[in-house]
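Residues per chain, in single letters:
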Amino acid sequence: MVEPRPLHRRRSIRLWLGAAWIALLFFAAVFAGALSPHDRLAQDLMLQTLPPAWLPGAEPGYYLGTDSLGRDILSRIIYATRPALIVAIVASTAACLFGSLLGLVAGFFGGWADRIISRLVDIWMAFPPVLLSILLVAVLGPALSSVIIAIAVIDWTRFCRVVRAEAMQQRRMDYVDSAKVAGYGTLRIMAREVLPNVLPAIVVLFSLEMGIAVIVEAILSFVNLSISTDDPTWGSMIAEGRGIVHQAWWVLVFPLTCLFLTVLAFSQFGEGLKERFDPVMR
Amino acid sequence: MTEPLFRIDNLRLSLPDMTRKPLFGPAPRIEILKGLTFDIAAGSTIGIVGESGSGKSTLGRALVRLYEPTGGAIGFDGQDITHLSDAALRPLRRDLQVIFQDPFSSLNPRKSVGAIIAAPLLFHRVATSGADSRARVAAALGAVGLPRAFASRYPHELSGGQRQRVGIARAIALSPRFVLADEIVSGLDVSSQAQILDLLARLKDELKLTLAFISHDLSVVRRLCNRVIVMRGGEIVENRDTAALFDAPEHPYTRQLLAAIPLPEIDPGWLEAG
Amino acid sequence: MSAPFLKIDRLSVRLRRGGEGRLLRQASIAVAPGEVHGLVGESGAGKSMIGRAIFGILPRAVEVIEGAVRLGGTDLFTLSDRERRRLVGVNAALIPQDPLTALNPSKRIEAQMTDRLTRILGLSAAEAKARALGLLEEVQIREPARVFRSYPHELSGGMRQRVLIASAFAAEPRLIVADEPTTALDVTVQKQILKLIAEMQRRHGTALLFVTHNLGVVAKICQRVSVLYAGKIVEQTDVATLFNAPAHAYTRALMAATPRYDRPEESLAPVRPEVIEALSQEIAQTDNIWAEARLAAAGRRA
Amino acid sequence: MRLSALIIRLISLVVTFFGVAVVVFVLVRVAPGDPIAMMIGPGASPQDIADLRALYGLDKSIPLQFLIWLGHVVRGDFGTSISLRESVTEVVFGRLPATLELAFLALAIAVVIGGFMAILAARWRGTATEAGVDLFNGIALSVPDFLWGLTFILLFGVAIPIFDISGRVTPTLELPFVTNFFLIESIVRLRFDLTLDLLGHMLMPAMALALPLAAVISQILKTSLKEVMHQDYALIARTKGFSETYVLLHEALRNAVTPSLTVIGVQFTFLIGGTVIVERLFSYEGLGNLAIDAVINRDLPLIQGIVLLFAVIFVGVNLAVDLCYVALNPKLRHG
Chain A
1 MVEPRPLHRR
11 RSIRLWLGAA
21 WIALLFFAAV
31 FAGALSPHDR
41 LAQDLMLQTL
51 PPAWLPGAEP
61 GYYLGTDSLG
71 RDILSRIIYA
81 TRPALIVAIV
91 ASTAACLFGS
101 LLGLVAGFFG
111 GWADRIISRL
121 VDIWMAFPPV
131 LLSILLVAVL
141 GPALSSVIIA
151 IAVIDWTRFC
161 RVVRAEAMQQ
171 RRMDYVDSAK
181 VAGYGTLRIM
191 AREVLPNVLP
201 AIVVLFSLEM
211 GIAVIVEAIL
221 SFVNLSISTD
231 DPTWGSMIAE
241 GRGIVHQAWW
251 VLVFPLTCLF
261 LTVLAFSQFG
271 EGLKERFDPV
281 MR
Chain B
1 MTEPLFRIDN
11 LRLSLPDMTR
21 KPLFGPAPRI
31 EILKGLTFDI
41 AAGSTIGIVG
51 ESGSGKSTLG
61 RALVRLYEPT
71 GGAIGFDGQD
81 ITHLSDAALR
91 PLRRDLQVIF
101 QDPFSSLNPR
111 KSVGAIIAAP
121 LLFHRVATSG
131 ADSRARVAAA
141 LGAVGLPRAF
151 ASRYPHELSG
161 GQRQRVGIAR
171 AIALSPRFVL
181 ADEIVSGLDV
191 SSQAQILDLL
201 ARLKDELKLT
211 LAFISHDLSV
221 VRRLCNRVIV
231 MRGGEIVENR
241 DTAALFDAPE
251 HPYTRQLLAA
261 IPLPEIDPGW
271 LEAG
Chain C
1 MSAPFLKIDR
11 LSVRLRRGGE
21 GRLLRQASIA
31 VAPGEVHGLV
41 GESGAGKSMI
51 GRAIFGILPR
61 AVEVIEGAVR
71 LGGTDLFTLS
81 DRERRRLVGV
91 NAALIPQDPL
101 TALNPSKRIE
111 AQMTDRLTRI
121 LGLSAAEAKA
131 RALGLLEEVQ
141 IREPARVFRS
151 YPHELSGGMR
161 QRVLIASAFA
171 AEPRLIVADE
181 PTTALDVTVQ
191 KQILKLIAEM
201 QRRHGTALLF
211 VTHNLGVVAK
221 ICQRVSVLYA
231 GKIVEQTDVA
241 TLFNAPAHAY
251 TRALMAATPR
261 YDRPEESLAP
271 VRPEVIEALS
281 QEIAQTDNIW
291 AEARLAAAGR
301 RA
Chain D
1 MRLSALIIRL
11 ISLVVTFFGV
21 AVVVFVLVRV
31 APGDPIAMMI
41 GPGASPQDIA
51 DLRALYGLDK
61 SIPLQFLIWL
71 GHVVRGDFGT
81 SISLRESVTE
91 VVFGRLPATL
101 ELAFLALAIA
111 VVIGGFMAIL
121 AARWRGTATE
131 AGVDLFNGIA
141 LSVPDFLWGL
151 TFILLFGVAI
161 PIFDISGRVT
171 PTLELPFVTN
181 FFLIESIVRL
191 RFDLTLDLLG
201 HMLMPAMALA
211 LPLAAVISQI
221 LKTSLKEVMH
231 QDYALIARTK
241 GFSETYVLLH
251 EALRNAVTPS
261 LTVIGVQFTF
271 LIGGTVIVER
281 LFSYEGLGNL
291 AIDAVINRDL
301 PLIQGIVLLF
311 AVIFVGVNLA
321 VDLCYVALNP
331 KLRHG
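Chains as they are written, first to last, in the numbering used here: chain A, 1 to 282; chain B, 1 to 274; chain C, 1 to 302; chain D, 1 to 335.
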């Protein structure tokens, strides 16, 4: 293995930091039961809006304090990683597959396929994403599945636009002509020659999209349209925290910090992955 | 006279003019090849020479059917391939290979040199197994003077000359009957240019190839080719044996081209000579 | 021959970070007014590095170890940025290689020909316009007024190169550096442009440094020549001696490798390995003379 | 730009607009929960419900309803809001100025910050300055407006309370405004006290919206500037004796802007979309906030009106970007 040059090491830091936080999320999601000190739903009106452990008036065992219904914030944050990750992975995969395929077809074939798909993308982008997602969830009914469908139905255009631009640029390269000369059929050229060069862009977008999916889920909970039960999500905790921010800032701060770090982790992880597996960058 | 490998009859081709493409709407089409008729004898090396915009590259791509002609006919090995579908062309593809000009865009940056050379071998089932394909890749690299270890390297790690050799290796690995070399030395220094042309001349004889060599540099063509076509504005201006063309050029344009080449020797009057 | 206007003394340049690679090794070139000096070498030999050193616009990743670049007797390295820009702006001009990218696509030719005349040379708008139009005629452009008002994309490659030549001579510089000015052109257009540059140079008595990799062009337009290999000038002589009795093995090898349509058998001979071997010894030998030079370089202004 | 190209562009805009109308019409009709039932009291007889459905034309077939509705829309009549019992057009155009002011304030902030960062990074490329700008871009790009809003609420609303964290203007103030363009009118009326109060409320939501766009502008413009700075015409300018900064501003900037324009246009439409949640976060009475209430109340005509208005803005922004692109690019101007 080539001795890592400083530039090389600096670049992979963001990959490992991102990966570390994501791994932490997975760990918390899987072992939520064991990890959370209290029952995430248990309400105790005696323990309303307790400050975090290091502030005066805190209650031992409630490390990050409690919300206005006396529920332990740390436990709720840990349990909230489950819906967040489910939405992130499923919705992003759906959006990625659908969008990238259409983007590849539009970019590589051009002509009518390109015009129709581009028109479709235009129409989709005319809807403010948040408004469309709220509308979709209202239509499909408040449940995690409708959130996932809403995100996939909206964000596929993000993949389609990037992949289309990349495919159009690749199409003009001589190695595509060389593949034609070798007798490859169009599908094989798209899969073997164009796709490998588009993958790094898709990888970055996919991880960015996971971050965005978590945000959209948080926004939907914020306007109380996410999952119906009061199973905790960062969004619902933030919504509650926003209301009482002057009295109990910590109810908002901790879930917000988690969301902030998660989004950053996903984006830096994506960038790091792209640089890691892109032979030209290595 | 053996049966010519290529028989071209009144070849016409027009392409959309992307430079005048309006922001929205189809681009106007302009005719690039305006009725070309010529043969390419099997085993010969034909130079296709012309200045930029003469249509020489387009002609080259039409020969290997990267473009479909809009008129006339292309006969390859006695078969009319003018309007063959991609599927029908596929079996012939093995015999029609191309070496591209820009070494930076002709090799897929994300594939290793070995994969680039092996892929067509496996696709056409020339290589029967992994081991066989690795052997053929090594042989092809050896033939172009590159060490076997280059198979695991990536295009961005190679110099311009080395990449061009990989391009040649990819083309000859399929032991084709016809190879098109599209301005393959224009981007190189004089010393690597000399090495590549020397290599090509040797391979041509060893593998009994028919070679079409596209260039804007008549001096390079003189060294390598036994027949020369001079093109201007999509038409053939002169089509002669090399020696005859250089010793007694018939067409004024050819004479003008030759007169414009600065030979590396003192010649005070050259600048003034119109 | 009057005193040289451009005098480069033992200029050595190196990559700032990492690698012992020398980009220039004690290159010395002198060009007198009215003289055409050819600088020939293969890509990577350092030709354009010399061109940029003359204008004092070396890339940030590169540092000067030793040597001086004197324009009309003043060493650029002793000047502040502002002083250097003024000296260069008034006295030197560049004719670039690729006419397609050397003109600003969003500006009319007028703006690009007169900006230096008004802002650097202090001419009035009217004077600048008159001089620019005069030069457009001098470079045999048929409708100077129309070309003057048009955008670059409306002109052909050959036409744009003429505009660039006119723009360079418009500043009446005492030195012009032509960096491969005809490499991107077709051979028929190249001959007209070479003829034009030679005539303009004679008429304006400018010192011309002509950078190229084409020995044929050198033979036709230059009076003196420097042959460059890996940053070192391996041979510097008048053009007749260079072509009739080349002294250095590399020059001979370059000549042999250059394709000639009139002598197909003798040309395009690959450079023999022993020549390359001899060259690397020669380069290494100059490098260790360098040991002492490096200490002296410590104090130099980059 | 040749006329035919312009016509093709307009046609494609109309097609987009029509597509949006179809999608929103179908989407809203498919929604479970009958808006009519929500409107009238629980004791209403089936007959009353039927009459009300007829009033709103909900008894006809979907395609017919669509045509009737489209007929009205083309004439600027978006129907009557079920929850507010007012004409949708009035309600929507009443709230639009607030959102437009917020969006364009955010755009201004983004262009200033993004442009400044790009020029800074391009001027001192390869140094710590550029690395710093890249770091800012990395963070500002991946963190969306929703999170920035919440962060600003905490920072400047609670920790260092220098801004108001809700509403568009201090409710107690008596407002002399005739139009709904409070900010502009306050400036025109030279009531700078009101302008300051308005900005006090608008700055945080505007910053939350502006940061992602600023990051996009900064990154795209910087890359484009660096590319242009390596072009031959920039090199020629340096040999003419012009300083690096002069070359950057006079030679490079204009050519660097054109390629970045389309991306910035797209990101600006995201910004406008972002007003929906950011206005809700800051309880800012704009179109976005209204949209959320409309969805929660299943107010179909209002939803359709708002979505169509957003579509008009989106289409308008795209057209503006295309026209700027042609204006800045002389080659295209001659078509």
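Do not take every clue at face value.
[Unchecked claim] The list that follows gives simulated cross-link-like pairs (lysine-lysine, DSSO-like), each with its CA atoms no further than 30 angstroms apart:
1. A/LYS274 x B/LYS111
2. D/LYS331 x B/LYS34
3. C/LYS195 x C/LYS7
What the hints contain is simulated information worked out from the structure, not anything from laboratory work.
(request) Tell me, in ascending order, the numbers of any earlier hints that this structure violates. (result) none
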